[in-house]
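Q: Okay, here's what each chain looks like letter by letter:
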Amino acid sequence: MADLTPSQTVGPYFAYALTPRDYGRVEFVTGNLVTPSTTGERIRIEGRVRDGDGAPVPDAMIEIWQADAEGRYAHPADERRPNSDFVGFGRAATGADGAFFFETIKPGPVPGPDGAAQAPHISVGVFARGVLKRLHTRLYFDGEAANAADPVLALVPAERRATLVARKAGEGRYTWDIVLQGEGETVFFEA
Amino acid sequence: MSLVYPREGLKAHPPYLHADYVGTLKRAPQKPLVIIPHTLSELTGPVYGHETVGADDADLTRQHAGEPLGERIIVSGRVLDEDGRPVPDTLIEIWQANAAGRYIHKVDQHDAPLDPNFTGAGRCVTDAEGRYRFVTVKPGAYPWRNHPNAWRPAHIHFSLFGHSFLSRLVTQMYFPGDPLFAYDPIFQSIPDPKARERLISRFDLDTTKPEWALGYRFDIVLRGRNATPMEA
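Top to bottom, those sequences are chains X and W.
Letter by letter, the first sequence follows residues 1 to 191 in full-length UniProt numbering.
Letter by letter, the second sequence follows residues 1 to 232 in full-length UniProt numbering.
Calculated directly from the structure, the hints in this document are not laboratory data.
Hints may be right or wrong, so weigh each one.
If the Cβ cut is set under 10 Å, some of the chain X residues that face chain W in the computed set are [as the list claims (entries may be wrong)]:
1. Asp22
2. Val26
3. Phe28
4. Met61
5. His75
6. Ala99
7. Lys133
8. Arg138
9. Ala149
10. Val165
11. Val187
12. Phe189
Glycine included, each C-beta is placed from N, C-alpha and C at the ideal position.
Isolated chain X (complex conformation) (with noise of 0.2 Å):
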């Protein structure tokens, strides 16, 4: 048996590796996740990530995992598999007002365990300076009748699973803010 090697914060200069389109390398990941061959249901997703002061952090990474539009990951552990080239995985820095925005598809449901359904999500990691392993989250959406019988929302006290709920703010467009600490704190997970 080998011990995990610990985390460490991925500090605030990151961007150049990481993502770094400003810096003029190739990035194979980006905040853009649709690829020619994907279907579905286009969605823009757009939010903020602001610190336990209100204030917007500047120098985060989002990353984002999900099934495509019908419930598929693009992995071996899913027998699936999508019939498209659509990966799932995206990343995004957020900018100078904490600012971070993804273009994907909806997902669809996804297996859940003892064979119930999930509710639509997305799961999501948030780095940064000061932050010392990896958040983990997920964003659910607004209106999903799914989300009532959810296995995973229903473990979140029912007074908090709105900070993991995506607004619709317009036609294919969500808004999700990430709250790292204090009022409106978003729900973050250990899996």
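Given the structure of chain X, go ahead and fit chain W onto it with the hints provided.
A: For chain W alone, coordinates are given in the frame of chain X:
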């Protein structure tokens, strides 16, 4: 092969709030984490292989017209899971300061020279045995404003994916014998001294290339165990 992700190993990680590291004070969650089961969403994750890496991505000394200044080093090791088995074909991203302790990042204002021949960012993919290898220069220590006269020990940032969303890891590799360890709240945020030591690379004569560069070894262990171990 199906993997499970026990939670016991997570105690190796630092807590979110480590008051000596001032940056955590307003960024650490205050409410308890919600423990969730491992569904398909957690047991899958992005798979990036050899197609994501260019020819010179693993040699940070050959990305410009000339060679960077500083002490040339070879950093190599293996990526393993919690059973000690190799994690093959997984992407590693690294970034670091130059030999003078300066990052090319636009926000870094440390009064030390940039090196026109050094970016400080690299990528590689592990081979079938989980091995990786980078050529770079040894990064310098640099000052930061966490507390008076605060300096970070020399380090290289590592970012790894592993088998699933649960095995994702961002960490920092340090160099043996650094006098700044005792004063660095980021290194010291890891509660267990033995876990801290796992972030310190070892000087390695076997990978040192005669008359060319010193070798440092750094093995990385990511989450994941075999679901059906041979021994109970």
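Q: Decide, hint by hint, whether the structure agrees.
A: For each hint, the structure was consulted:
1. Asp22: 8 Å, holds
2. Val26: Because about 7 Å separates X/Val26 from the closest Cβ in chain W, which is inside the 10 Å limit, the hint holds.
3. Phe28: 4 Å, holds
4. Met61: 9 Å, holds
5. His75: Holds - the Cβ of X/His75 comes within 10 Å of chain W, reaching about 4 Å at its closest.
6. Ala99: 17 Å, violated
7. Lys133: Interface hint status for X/Lys133: holds (5 Å vs cutoff 10 Å).
8. Arg138: 8 Å, holds
9. Ala149: 14 Å, violated
10. Val165: 15 Å, violated
11. Val187: 6 Å, holds
12. Phe189: At about 5 Å, which falls below the 10 Å cut-off, the nearest Cβ of chain W leaves the hint on X/Phe189 intact, so it holds.
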